[in-house]
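Asker: For reference, the chains in residue letters:
4 protein chains.
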Amino acid sequence: MIGYAFMGKAHSNAWRNVASYFDVPAFEQRVLVGRDPAGVAAGAERYGWAESSTDWRQVITREDIQIVDICAPGFMHAEIAIAALAAGKHVLVEKPLANTLAEAEAMAAAARTARTEGVQSMIGFNYRRVPALALARELIAEGRLGTVRHVRAAYLQDWLVDPESPMTWRLNKETAGSGALGDIASHAIDQVLFLLGDQVTEVSGRLHTFTTYRPGRNGPEEVTVDDAAWATLTLASGAIASVEVSRVATGQKNSLRLEIYGDKGSILFDLEALNELGFLDATVPVREQGFRRILVNEPEHPYAAAWWPQGHVIGWEHTFTHEVRDFLLAIASGTQPSPSFEDGLTVQRVLAAVEESAASKSSIIQLTTPPETSPRPEGA
Amino acid sequence: MIGYAFMGKAHSNAWRNVASYFDVPAFEQRVLVGRDPAGVAAGAERYGWAESSTDWRQVITREDIQIVDICAPGFMHAEIAIAALAAGKHVLVEKPLANTLAEAEAMAAAARTARTEGVQSMIGFNYRRVPALALARELIAEGRLGTVRHVRAAYLQDWLVDPESPMTWRLNKETAGSGALGDIASHAIDQVLFLLGDQVTEVSGRLHTFTTYRPGRNGPEEVTVDDAAWATLTLASGAIASVEVSRVATGQKNSLRLEIYGDKGSILFDLEALNELGFLDATVPVREQGFRRILVNEPEHPYAAAWWPQGHVIGWEHTFTHEVRDFLLAIASGTQPSPSFEDGLTVQRVLAAVEESAASKSSIIQLTTPPETSPRPEGA
Amino acid sequence: MIGYAFMGKAHSNAWRNVASYFDVPAFEQRVLVGRDPAGVAAGAERYGWAESSTDWRQVITREDIQIVDICAPGFMHAEIAIAALAAGKHVLVEKPLANTLAEAEAMAAAARTARTEGVQSMIGFNYRRVPALALARELIAEGRLGTVRHVRAAYLQDWLVDPESPMTWRLNKETAGSGALGDIASHAIDQVLFLLGDQVTEVSGRLHTFTTYRPGRNGPEEVTVDDAAWATLTLASGAIASVEVSRVATGQKNSLRLEIYGDKGSILFDLEALNELGFLDATVPVREQGFRRILVNEPEHPYAAAWWPQGHVIGWEHTFTHEVRDFLLAIASGTQPSPSFEDGLTVQRVLAAVEESAASKSSIIQLTTPPETSPRPEGA
Amino acid sequence: MIGYAFMGKAHSNAWRNVASYFDVPAFEQRVLVGRDPAGVAAGAERYGWAESSTDWRQVITREDIQIVDICAPGFMHAEIAIAALAAGKHVLVEKPLANTLAEAEAMAAAARTARTEGVQSMIGFNYRRVPALALARELIAEGRLGTVRHVRAAYLQDWLVDPESPMTWRLNKETAGSGALGDIASHAIDQVLFLLGDQVTEVSGRLHTFTTYRPGRNGPEEVTVDDAAWATLTLASGAIASVEVSRVATGQKNSLRLEIYGDKGSILFDLEALNELGFLDATVPVREQGFRRILVNEPEHPYAAAWWPQGHVIGWEHTFTHEVRDFLLAIASGTQPSPSFEDGLTVQRVLAAVEESAASKSSIIQLTTPPETSPRPEGA
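Residue numbers (this note's numbering), protein chains in the order written: chain G, 10 to 389; chain W, 10 to 389; chain B, 10 to 389; chain H, 10 to 389.
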């Protein structure tokens with residue numbers, strides 16, 4: 010694994026625990042890679058890795074390494090992932106796939122090539138592994154919502170409310186690529202595509218930075234990424250999805266909300282209460298219709314049988330545990346893990362279209378998916 | 010109508026509006042009765058009554074009066090109601106039926122006698138007319154909950170939180186009969202009996218006064234009624250209901266909550282959100298079970314077709330509008346309105362048993378319903 | 010009053026009850042006007058009007074009439090309102106002000122002229138009178154939210170979910186002007202302006218019709234209005250508001266939702282639970298921050314002292330009772346009722362800009378408010 | 010560790026992860042003990058234990074063992090715990106302390122003796138380590154609720170709803186001691202004592218078994234424990250707490266609910282949403298009072314800084330991670346971990362009083378705490 014900050018800590022938790030809950034192929038947590046020798050050694054000790062290293066190039070060619078998990082910053086994704094795939098290692102990479110569309114395309118191409126050799130790759134849209142959202146996808150795939158029309162996706166946080174909160178690399182376009190757009194709209198958009206199994210055909214978008222200068226080391230520095238983003242997406246099915254994300258929604262801590270309205274039913278979700286799914290079945294008599302709060306902890310629910318008895322809720326971090334489980338099982342069975350790098354690229358293309366639309370005063374941008382990047386239909 | 014304080018204002022609203030929403034027999038708001046000539050005259054003007062009077066005895070014998078609505082304090086209920094029934098007037102009386110069991114029994118006897126002459130009577134347990142609770146009763150009667158076992162009823166308010174809140178007649182046993190017990194536990198107990206169509210066979214109860222002295226006109230005065238009450242009720246069906254009421258539940262304003270658990274489903278309700286009913290259908294697959302929030306404003310719902318389009322919620326006061334509607338229709342059809350004085354007496358007996366149990370250290374009290382007071386089965 | 014359908018029923022309720030709760034100048038419900046003689050006569054009887062008439066022109070010139078309340082369809086608003094103002098009658102008109110911008114401008118001009126003669130006028134954005142929203146406005150005006158940045162407004166209904174639901178005049182652009190946009194986005198936009206006391210400077214919008222043909226009398230007929238609309242609004246203060254409305258949001262019955270995020274606090278609201286306001290105070294220590302559910306029924310709350318004790322919730326219809334109360338008090342004091350026809354025109358201009366933007370592929374439209382239409386600052 | 014069923018799995022998770030999040034003394038997961046050699050070996054492999062054994066007596070005397078974690082069934086607690094303490098090992102034992110009061114007393118005596126030798130012991134009331142409840146305790150200890158009066162505790166589950174659900178050892182008094190009472194009322198009662206720092210002086214209780222026979226291997230077998238229990242507890246402070254627990258509350262999965270009402274504020278909690286705390290501060294102006302939903306994931310909150318950024322919720326299992334952390338830190342500092350065996354005994358005494366009261370028709374039982382068992386005041 011490369012990287013041991015927030016995401017490295019979360020991925021380590023997944024690797025450390027997955028085999029205690031799920032039947033997965035045997036593996037070992039071999040090497041943690043980072044830049045600072047002392048820091049990475051301490052991280053390896055703390056998070057359960059046998060060794061540490063500061064040289065990812067050396068590590069990814071070791072014969073005793075079969076899997077590379079990339080939790081390094083986005084601008085490093087392409088180089089490491091392409092090299093690791095070329096070295097014949099299966100690769101899991103944190104989202105977003107890359108900071109630029111060009112890098113993302115190169116990564117998707119490398120993944121396609123590697124796949125033909127049996128080398129697998131996966132992009133870490135971990136919220137696909139929230140049991141409640143996996144259940145939502147099942148219900149939608151079974152037709153329980155009928156024809157989906159109106160979709161509302163939002164991801165609201167508030168960690169940038171304070172205008173005196175200092176400048177960081179995350180607020181600089183050169184290092185971060187974009188702001189709320191790439192960081193959290195990417196999750197919202199991936200969910201829309203995942204849940205509906207649909208494609209985006211048109212995009213209108215808007216970006217805004219509420220606080221344009223923030224305190225830097227030597228005085229005010231310009232914030233060059235968005236604090237908030239808005240978009241409407243036309244989907245191939247005819248549905249329309251709105252997407253709205255913010256880092257200044259005071260009091261909303263980590264609220265990825267999804268509302269999906271079909272002609273036979275609807276789905277509601279909020280990541281702050283991730284063990285719950287709202288579901289309305291519009292085919293029962295009107296007299297008894299209402300949104301149900303399903304506590305998604307029953308043995309019948311996705312991933313849930315591995316955990317605790319009903320009503321004993323699980324935490325955010327196990328979205329990664331499930332991700333790693335599915336990644337390992339796909340590798341073992343020689344199938345493409347989902348979501349693929351191509352799925353990651355698809356989301357990047359939508360994000361790029363939002364930026365293009367915003368730059369041209371919200372005008373609608375047509376999006377055509379190149380045929381070669383269409384991901385294969387996903388398994389259940 | 011006799012009385013024009015809180016309940017008089019609410020009942021007036023019902024009389025003033027019922028014919029604008031429901032097809033009821035024609036009637037007029039003829040006389041408002043009260044003690045203070047100027048006050049009652051102003052009240053009549055304000056609330057839509059043609060005249061006012063200070064002499065209820067004279068008014069209840071007037072030939073142009075057919076209905077007497079008693080909103081006077083509880084200690085006056087028996088005398089007025091019995092006299093009005095004897096004068097051949099249909100009587101609606103606010104709950105509780107009376108301050109003492111003896112008075113309640115006399116009223117029930119008077120009602121039985123009057124009924125044989127076609128003179129009807131009704132006790133104002135208005136929450137039976139909350140559309141959501143009427144729907145709950147329908148669902149239970151249809152067997153949607155299966156065998157009901159565990160029932161939880163609570164009525165929580167907080168208007169006595171401040172220990173410096175002054176002494177009033179409501180806190181004196183002589184004038185008020187009891188505290189939270191008669192005032193709000195009566196509603197909770199009536200709901201249990203109404204929703205389940207059941208009878209209480211055993212009672213264990215407890216009463217407590219948290220603030221025993223309060224500021225009076227001439228120094229501290231003793232509070233002689235309960236601030237809170239607890240009871241468990243064994244029902245004839247074998248179900249057990251807990252009842253808990255409080256006037257010191259800080260932050261709970263008017264929270265009558267009901268939870269009814271059967272082997273096929275469950276019901277949740279909170280009066281602070283009275284347009285909503287929680288319903289869980291345990292016969293659907295476990296994977297999609299969950300409490301539904303039914304917004305009880307559809308034309309299919311009890312009373313709702315008369316009001317506004319779906320989702321346009323109604324207020325607390327229309328529990329009385331519905332009560333008056335049902336009272337008028339029962340009179341017109343010559344049938345016994347529900348709940349009857351006997352239903353009111355049944356609740357009084359349970360309240361008396363709670364007091365008896367509390368006085369004997371919570372010991373379980375057997376309750377036998379005298380056969381003559383069994384109310385006739387209620388219509389739909 | 011002219012019109013006795015849904016809105017006529019709701020306004021009648023307000024006129025019938027306002028004086029029982031509020032101290033307003035004495036008035037009588039004199040004449041109900043409609044097209045069908047028998048229908049309007051029955052309506053007058055049912056809703057408490059002394060007489061009925063089929064000739065609005067004659068009625069608005071009667072000397073015993075001082076107020077005209079227009080609940081007729083939108084295309085009739087301009088003609089009636091202008092004539093009534095010219096006849097020296099105070100005018101209350103249901104929203105939207107008119108079906109076209111030209112008519113709305115003519116009405117605003119007539120209102121300005123009449124005002125100089127002491128003749129008042131008001132547009133019926135009744136949700137300004139929801140106590141919870143009036144409280145929200147107070148809190149915002151007091152600075153409790155600090156600088157407002159991110160605003161989310163949505164109005165979700167579901168009465169057009171069924172594609173077999175028949176064609177009506179409301180789905181035809183000629184008779185209805187627009188669809189969800191004029192009907193419910195107007196409310197959402199007015200709330201944004203009301204709560205923030207702000208102006209719209211830029212608009213990007215989108216309209217969509219999910220079901221383009223519906224069963225008519227003689228086969229399928231084309232639906233020529235929108236089922237759903239999306240917009241982002243830039244406000245003069247720098248805040249950005251998203252607006253999203255739908256008639257196909259299955260399971261959402263009447264859900265006008267508002268989320269207002271400032272740097273010192275936030276507000277949440279949902280019309281389906283209109284007695285409640287969500288409020289987060291970001292100036293208290295983080296450890297104890299959280300959205301409060303304020304039950305807006307305390308004597309301290311706007312309009313609430315007139316009603317019932319705390320926790321006894323009121324219904325949707327009393328937004329009109331409060332509207333009529335404020336209208337009567339403004340007339341009595343010779344001041345301009347709020348919202349004015351100019352406020353209605355302001356909303357119409359935003360709606361027109363949404364349509365213009367949608368027609369030009371969501372491009373951002375600049376909105377400049379002509380100086381003469383700036384409404385005077387509103388009173389408390 | 011002894012035992013590897015549900016609780017063994019949960020405790021293993023805690024031991025496996027605690028050092029990745031918290032600074033605790035170094036330790037190793039040395040031996041897992043169970044009865045079935047193959048099963049316990051597989052469990053050790055799965056849950057991260059270096060070895061396995063079937064002989065607890067031998068293991069607890071090993072020199073390389075310093076801590077014994079007892080997850081075996083309740084009837085084995087006393088024997089193992091007393092032996093382990095005698096062998097000088099620190100002991101963590103799952104709740105309930107024991108199946109009988111006599112065993113619990115012997116364990117508390119053994120703990121007192123061992124403590125004088127620096128050997129520590131702890132009873133696993135893990136819900137004291139829910140961050141939201143730890144925050145609640147802080148707020149109460151700081152006086153934010155003022156004088157607490159009315160407390161409501163309930164623990165509702167539904168896994169026994171089906172009358173055809175088979176007989177198990179948990180439903181037999183000889184093996185299980187009691188039913189819902191010992192299993193879940195123990196948690197509710199411990200929370201009341203923990204949160205308030207109070208003592209029980211009087212108890213009235215009731216027990217009920219709704220399904221008295223269940224399918225056994227050879228036909229129906231009698232259920233000899235309670236399905237549900239009710240109690241009211243008088244506390245030394247004068248507060249009164251109701252406790253209600255059920256295994257037949259259809260649709261309630263794991264709902265430990267707490268409501269604590271003081272004269273300056275109130276607390277609400279539900280274990281099904283364990284990252285949230287409801288708090289009402291009654292000292293702010295009434296106009297803005299309301300229950301806040303605090304998402305207890307801020308660095309300022311108990312235990313939370315170790316985990317993820319704000320709004321990234323944790324799961325039920327980390328109540329044990331926190332428990333193990335506090336146990337290790339107490340051992341390292343030579344202080345008594347909390348809750349002590351005496352705390353466990355205190356809860357057992359209340360449970361016994363509920364049974365005694367139930368056996369004598371709910372009569373109130375006086376509870377006197379022997380002076381020698383008063384636990385020392387707990388640290389922050």
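Hints were generated in silico from the structure; no laboratory data involved.
Be aware that one or more of the hints could be misleading.
When chains are identical, the list treats them as one kind, so a pair holds in a single copy or across two.
Claimed, not checked - Here are the simulated lysine-lysine pairs, DSSO-like style, with alpha carbons at most 30 Å apart:
| # | residue 1 | residue 2 |
| --- | --- | --- |
| 1 | K18 | K182 |
| 2 | K18 | K273 |
| 3 | K182 | K370 |
| 4 | K18 | K370 |
Asker: None of the hints should be skipped; say for each whether it holds.
Answerer: Here is what the structure says about each hint:
1. K18 <-> K182: For K18 and K182, only the intra-copy Cα distance (25 Å) is at most 30 Å; the inter-copy one is 46 Å.
2. K18 <-> K273: Cα proximity of K18 and K273: none, with 41 Å in one copy and 32 Å across.
3. K182 <-> K370: both (20 Å within a copy, 28 Å between copies)
4. K18 <-> K370: neither (40 Å within a copy, 44 Å between copies)
Consistency note: the structure conflicts with the earlier hints numbered 2, 4.
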